Amino acid sequence: MVEHRPLSDFIAYAILTLGVFIVAFPVWLALVASTHDAATVVGGHMPATPGTHTLENYYRAIFVGGSRTSREPVANMLINSFVSAIGIAIGKIFISILSAYAVVYFRFPFRKTAFWIIFITLMLPVEVRIYPTYKVVADLKMLDTYAGLILPLIASATGTLLFRQFFMTVPDELLEASRIDGAGPFRFFWDTLLPLSVTTMAALFVIQFLYGWNQYLWPLLITTQDSMQTIVIGIKKMLVATDELAEWQLAMATAVLAMLPPVAVVIFMQRLFVRGLVQTEK
Amino acid sequence: MEKSTVFNNRLLPYLLLLPQLVITVVFFYWPASQAVWQSFLREDAFGLVSEFVGLENYQALFAQPEYYKSMLTTAIFSTLVAALSLSIALLFATQADKSLKAAPAYKTLMIWPYAVAPAVAGVLWFFMFQPSLGMLARPLRGMGIDWNPLLNANHALLLVVMAAVWKQISYNFLFFLAGLQSIPKSVIEAGAIDGARPMRRFWTIVFPLLSPTTFFLLVVNIVYVFFDTFGIIDAVTGGGPAGATTTMVYKVYADGRLGGDLGGSAAQSVVLMVIVIALTAIQFRYVERKVQY
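Taken in sequence, the protein lines are chains A and B. Be aware that the first sequence starts at -11, since it is given in the working numbering, and climbs by one per residue. Be aware that the second sequence starts at 30, since it is given in the working numbering, and climbs by one per residue.
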């Protein structure tokens, strides 16, 4: 800032360190709990440092599953989470880049109408139309399928708007030059527009991956078999048993596993993440 | 703004639009219109016969004390979460903006809770404050507080608020920091030359210039509390005790799951849709105009 005062710097460091501590503390406790045996965690006197049951807990969580409520191994849940999160991200990029291309680079009757039909979906998240959507998916025999987990969640306009905005900034001369070279709509899209859109696509992928991975209400409704549940649902089901009986050490190991992929994405792809967040205003 | 050069194909644009339009119609317009239609119907107990009852479902809904209670809970919950997460995030962002060398590192350390699923955040906080084994519940009990979010309505709401705030700070921090960094330093220097102390500069120069960001975040936070906190509530309290943490969205879910009242649940969905559309409209008006207050 304007004047440089050591005291003010010190206060800033102190406040930020406190902030980092608040942000990290719950996760640290989960990490610690995932390394102790059941008795230590449930006893109410868990130490604040890691224990010695790490391998045992993670092995049981990943390959065996809990013994009381959800018996599904976490490895399966991780696969389900990965498939649906990546499916949502890729599916959304695919449908929205095509529709944005149509809206920006073509003139045709009902162009504005098509745009508005897509645009309005921005306003209503899946939570407000949850049961009717459930019924549609049930009628289409998509309960307990990846299609049922993925398709209803990609029906929204964020991606289309993002690509439309980006295509608008692409200079017109590029299209003129390609047309002089004899390129049709396919060539132009594939050779010129797609390579230019890579960063936008990556940013959207990061945001949509997080969105898909962290879904809760929708997978909770449409997965009835344990073999189809995602990891976020799995943790909750492990804790359904009365609290004294719940296997907290396994639930916490699962929680840590559930946080790892999305947190890794945010930390290692921070630039893309921030870009996607600001552009989609999600 | 429109492109001056375009392609002239007749059929191709429709083919390109087809995947998105099909998915939007099947999974968005059809269910949304079903919700509106069902809100005017009453089904018998077996779901076999339904008759048109006009506004009866809405009348029944607004005659329910529980519905007003869920509205009140939603209002209290949104106010607390928005106020707390915005002010805490603003505090952290202003400190990080003091051109500290370590600011980028702090930024990385602050933003990752955005990646934690709401339901997982709920589980983490419940684990800390679970009455019998929670690490932070024991000191509370030691101080003589009969801490029990499973039985005490205020404790339950407080716990849900804390988890929701914890998760939202990172998002607000990121946008506040970007907003702060975009304020020209010359304005602040001018204030300093005029003799304004840092606190005064913040409230009379920085804060007003930040108001577009604050307003945008306020709307986003309210929408967040409405919808994304479902996972937190379900993981921490399941809407209880005695409906103390049942927000409007949670009530749509809970009423419909019990299976009985589809018409009533649909009417609730429609009320929610109206609220969200109003919120979004406010947000877009603001985005369109880019008002500086």
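Take the hints with a grain of salt, since some may be wrong.
To spell it out: a stretch of chain A is covered by chain B in this simulated footprint if at least three of its residues, at any positions, have a beta carbon under 8 Å from a beta carbon of chain B; those stretches are [what the hints assert, rightly or not]:
1. 39 to 47
2. 63 to 75
3. 115 to 123
4. 138 to 151
5. 163 to 172
6. 183 to 194
7. 236 to 242
Keep in mind the hints are simulated off the structure, nothing from the lab. Note that the structure is a prediction, hence the values are computed from the model and not measured. Backbone N, C-alpha and C define an ideal beta-carbon position, used for all residues, glycine too.
Verdict on chain B covering the segment 115 to 123 of chain A, criterion of 3 CB contacts below 8 Å: Contact hint for the segment 115 to 123 of chain A vs chain B: holds, 8 residues under 8 Å.
Chain B covers the segment 138 to 151 of chain A, three or more CB atoms within 8 Å, holds or violated: Three-residue rule met by the segment 138 to 151 of chain A, so holds; n is 6.
Three-residue Cβ test at 8 Å for the coverage of the segment 236 to 242 of chain A by chain B: holds (count 3)
Given coverage of the segment 183 to 194 of chain A by chain B, tested with a Cβ cutoff of 8 Å and a minimum of 3 residues: violated (count 0)
Cβ contact check, 8 Å cutoff: the segment 63 to 75 of chain A against chain B, three residues minimum: violated (count 0)
Assertion that chain B covers the segment 163 to 172 of chain A - criterion: three or more residues, beta-carbon distance below 8 Å: Our answer is that it holds, as 4 residues pass the Cβ test (under 8 Å) against chain B, meeting three.
Within 8 Å of chain B (C-beta), three or more residues of the segment 39 to 47 of chain A: Contact hint for the segment 39 to 47 of chain A vs chain B: violated, 0 residues under 8 Å.
Checked against the numbered hints listed earlier, the structure breaks hints 1, 2 and 6; every other hint is satisfied.
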